[in-house]
Amino acid sequence: MSTVTLARGFVKNSLDKNPNLGQWLHFSQPNKVTLMVGKVDFGQGISTALAQIAADELDVALDQIVHAPINTQDSPDEGVTSGSFSIEHCGGAVRMACATIRAVAVARFCAARGVAPESVTVQAGVLSSAQTSQPMTYWDLHLDDQAGAPVLQDAPAKPSAQHRLVGAAIPRIDLAKKLFGGPSFIQDMDLPDLLHCRILRAPNRAGRIVSVDEASFFKKFPDVEILRDGSFTGVLAQREDQAVLAMALLQKLVTWQLPANLPNAADLHTFLTTTPSEQRIVDEVVAKEPLKPSATHVEAWYQRPYISHASIGPSCALAQWTDQKLEIWSHSQGIYNLKSDIEVYLKREFPNGGAPQVLIHHVEGAGCYGHNPADDVAFDAALLARLAKGRPIRLLWSRADELRCGPSGSAHLVKLEADLSEEGHIDNWTHTIWSNGYTARPGRSAPGSLSFVAAAELANPFETPVSLDPPMSAGGGGDRNAIPLYDLPNYKVVYNRLLEMPIRTSAIRALGGYANVWAIESFMDELALSTQQDPVAFRLKHLSDTRARAVIQKAVEQAPWWQDHSQDEEGVGRGFAYARYKNTGAWCAVAVRILAGTSVRVTDISVAADVGLVINPDGVKSQLEGGAVQSCSWTLKEELMFTNEALTTSSWDDYPILKFSESPVVTVALIHQPNEPSVGAGEATQGPTAAAIGNAVYNALGIRVRKLPLNMDNILKSSG
Amino acid sequence: MELMINGAKRSSGYPANGMAIFALRNELNLKGVRMGCGEGHCGSCTVLIDGVPTTSCNLPLEALAGKHVTTPEGVGTLEHPHPVQAALLEEQPGQCGFCLSGILMSAVALVDSGSTVSEDDVRAALDAHLCRCGSQPRVIKAVMAAVKKVKTV
Numbered sequence: 002m003s004t005v006t007l008a009r010g011f012v013k014n015s016l017d018k019n020p021n022l023g024q025w026l027h028f029s030q031p032n033k034v035t036l037m038v039g040k041v042d043f044g045q046g047i048s049t050a051l052a053q054i055a056a057d058e059l060d061v062a063l064d065q066i067v068h069a070p071i072n073t074q075d076s077p078d079e080g081v082t083s084g085s086f087s088i089e090h091c092g093g094a095v096r097m098a099c100a101t102i103r104a105v106a107v108a109r110f111c112a113a114r115g116v117a118p119e120s121v122t123v124q125a126g127v128l129s130s131a132q133t134s135q136p137m138t139y140w141d142l143h144l145d146d147q148a149g150a151p152v153l154q155d156a157p158a159k160p161s162a163q164h165r166l167v168g169a170a171i172p173r174i175d176l177a178k179k180l181f182g183g184p185s186f187i188q189d190m191d192l193p194d195l196l197h198c199r200i201l202r203a204p205n206r207a208g209r210i211v212s213v214d215e216a217s218f219f220k221k222f223p224d225v226e227i228l229r230d231g232s233f234t235g236v237l238a239q240r241e242d243q244a245v246l247a248m249a250l251l252q253k254l255v256t257w258q259l260p261a262n263l264p265n266a267a268d269l270h271t272f273l274t275t276t277p278s279e280q281r282i283v284d285e286v287v288a289k290e291p292l293k294p295s296a297t298h299v300e301a302w303y304q305r306p307y308i309s310h311a312s313i314g315p316s317c318a319l320a321q322w323t324d325q326k327l328e329i330w331s332h333s334q335g336i337y338n339l340k341s342d343i344e345v346y347l348k349r350e351f352p353n354g355g356a357p358q359v360l361i362h363h364v365e366g367a368g369c370y371g372h373n374p375a376d377d378v379a380f381d382a383a384l385l386a387r388l389a390k391g392r393p394i395r396l397l398w399s400r401a402d403e404l405r406c407g408p409s410g411s412a413h414l415v416k417l418e419a420d421l422s423e424e425g426h427i428d429n430w431t432h433t434i435w436s437n438g439y440t441a442r443p444g445r446s447a448p449g450s451l452s453f454v455a456a457a458e459l460a461n462p463f464e465t466p467v468s469l470d471p472p473m474s475a476g477g478g479g480d481r482n483a484i485p486l487y488d489l490p491n492y493k494v495v496y497n498r499l500l501e502m503p504i505r506t507s508a509i510r511a512l513g514g515y516a517n518v519w520a521i522e523s524f525m526d527e528l529a530l531s532t533q534q535d536p537v538a539f540r541l542k543h544l545s546d547t548r549a550r551a552v553i554q555k556a557v558e559q560a561p562w563w564q565d566h567s568q569d570e571e572g573v574g575r576g577f578a579y580a581r582y583k584n585t586g587a588w589c590a591v592a593v594r595i596l597a598g599t600s601v602r603v604t605d606i607s608v609a610a611d612v613g614l615v616i617n618p619d620g621v622k623s624q625l626e627g628g629a630v631q632s633c634s635w636t637l638k639e640e641l642m643f644t645n646e647a648l649t650t651s652s653w654d655d656y657p658i659l660k661f662s663e664s665p666v667v668t669v670a671l672i673h674q675p676n677e678p679s680v681g682a683g684e685a686t687q688g689p690t691a692a693a694i695g696n697a698v699y700n701a702l703g704i705r706v707r708k709l710p711l712n713m714d715n716i717l718k719s720s721g
Numbered sequence: 002m003e004l005m006i007n008g009a010k011r012s013s014g015y016p017a018n019g020m021a022i023f024a025l026r027n028e029l030n031l032k033g034v035r036m037g038c039g040e041g042h043c044g045s046c047t048v049l050i051d052g053v054p055t056t057s058c059n060l061p062l063e064a065l066a067g068k069h070v071t072t073p074e075g076v077g078t079l080e081h082p083h084p085v086q087a088a089l090l091e092e093q094p095g096q097c098g099f100c101l102s103g104i105l106m107s108a109v110a111l112v113d114s115g116s117t118v119s120e121d122d123v124r125a126a127l128d129a130h131l132c133r134c135g136s137q138p139r140v141i142k143a144v145m146a147a148v149k150k151v152k153t154v
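So the sequence lines, in the order shown, correspond to chains A and B. Counting along the first sequence from 1, when you hit position 15 you're at 16 in my numbering, and nothing is skipped either side. Counting along the second sequence from 1, when you hit position 112 you're at 113 in my numbering, and nothing is skipped either side.
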């Protein structure tokens, strides 16, 4: 078998790299516990959930937990905040660190007061016992002398019955400030004597500057500087409004050379199936006993277009470069990997030493759904700060660049084939994928290459990596969720990862799990209906996993509109889908009700999920609900547009997302499993929601649409 | 230029024909006015001008002259929240929360208008705002709760 190239740098937990107590918490502030983590908040509410875990394990109040600022100097290196791993990896480490230190504190208290461990209770950080009149606090016990001691993997963590905060719907600790207008995001950050930058970017990553009419520029903006290195070009101004106007003029004064290297947007099928690719057998199971000849053979192709992250807040970074230090403020999901990739650049630029020390601070940005331009803008800012010679700068990307120059979600093609027995059982199943890889984050590609958009624009450019995929042990990438979850006697999963990447792709929420689940769960309906079986019953017939069966039954049972058709107007359709995210994460079933008229509108969504032990039920519901609504948007509306030379999507007008008037009513039920390990919730609804909508479109119109988005254009092309 | 913002006189040295958002955010330090697209498409930068929700990223500063301008900083406080803020805290719609300050302004204008408001009216009033995290269902619930609360007071 040929060797397969996988992305690097994935970890199985957070403690291997950060084994000591002092890397996770300290008691240096009176009456407060300072929690140090490497997982960052970008809208999912992880800091609230981590505070709940820590406060419960230590028996302190929630407001006694203080989150330390996250930076590359002091914080544990937990890799990237992605893949719905934060509760498992970081939450697990925090729980064990807190349990370890609590046990030390109890032992010291017992020794100091001569009391028995069983008699000790802890409340708000105060240790007391009926056997003494003299309580002590964590802060009396010099616990920070344990900083170099290891976090014990077998520390006595609390059973779920003793949780006070874990399992409770605690309000988000960050929300109030945001609602009253407080500076909350990196975009709101200031530094003394800050200068403002904007960047000039080609609408095709392979585009290069032929010329810039600088004379005309400086006639209009004599006080604005142009900073250039090859085709990498920015403007530097005293005020942000000047930077914006100056960049608008510069865009008119540049001549681009744009190669005609982009795929034919109208025929992505041909592009995906003919571009050179690396093939791998993801999984294959062959029945021990030969099966009877099949009665029915079904096959179908499903295609997703390129989609954009489209965060509401444009990517932003601040930077200052002095002789000794390069300091960057970034909303990256992985500041340590960002740092190591910036150091690749520095090592080349300073071959004889003398490069500045890199320090990256994480500052929260707007909602992030994968590898968006957060890392790009940080590298841009570093380059601009170098050219700005010591002055602090702030760079904000434009809306157009945010939509078209950041990494996109790859176009993704799936061919599914199945054979059914006379009894309507699936005997054979083949799933074949064509897609670009799903990660080119910093630290994931071959050493020496740099995925930053600017790295290829420099006069001395770096090699641009073609996206790879996480290994299946980290959930896989283009092959995520492609291994069938159903009980099938024979199946084969094949993945063709493209070796060329004319349109830049990387991680986007759920990776290949979105398109694969959309395809599989659409196909399950096709198989059920082609053999006159009820789609939900057909799934249950192939599913022995009891936790899967429970969410499926809950999702349809809790929705009154699932059974009750008495109020149906013309165009109403219902659809259902199920998946266990990554095959190892949350079990999630989704039922939808739609109204298909001049467009498809999702009126209702019912979600049922099992995420094991729930840390914050309101937080989990919010994530599942938000994911379902976002998936509606992807599924119904979204598609990056391009010619053979340039991406043409450049504003919200070209890239509509779901509006308030189009928003569904969403109901979420959680199946509580307090004694099962927690698994992430943030990406579980993406795939099932898409397939449920597609199945509802078929239910309403009798048209099977196998090409996303499910807009009128694709529906009409799929009819007849 | 003299301005009246959140009930107080403020003075700006920014160009009259420059976009208002930069004076509000960078000169007057009203960072609750979030910068989203710079083209008036997403609603993040919405302020109230004489009570009317208006995007400030595509509005010349001089359009604020002689008007009463309200930004998210001028709506309420944690101790005395506006009913919309109280309802948003109750419903916890924020995921990232970036879009919320603009949404807050449109919702405040709708609720303060005192007119009878249906859920469809709320959806229509908020349609100028984009949210990417999928908070729409909870925001709609929260604003409807605020509408009901104001009506019953």
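Heads up, some of the hints might be wrong.
30 Å max Cα-Cα, derived DSS-like pairs, lysine-lysine [stated by the list, open to error]:
| id | chain 1 | residue 1 | chain 2 | residue 2 |
| --- | --- | --- | --- | --- |
| 1 | A | K718 | A | K708 |
| 2 | B | K142 | A | K638 |
| 3 | A | K542 | B | K10 |
| 4 | B | K10 | A | K348 |
Worth flagging that the hints you see were computed from the coordinates, not collected in a lab. Note that the structure is predicted; figures quoted are calculated from it, not measured.
For each hint, the structure was consulted:
{"no.": "1", "hint": "A:K718 to A:K708", "verdict": "holds, 10 Å"}
{"no.": "2", "hint": "B:K142 to A:K638", "verdict": "holds, 24 Å"}
{"no.": "3", "hint": "A:K542 to B:K10", "verdict": "violated, 71 Å"}
{"no.": "4", "hint": "B:K10 to A:K348", "verdict": "violated, 53 Å"}
Hint compliance for this structure: hints 3 and 4 are broken, all remaining hints hold.
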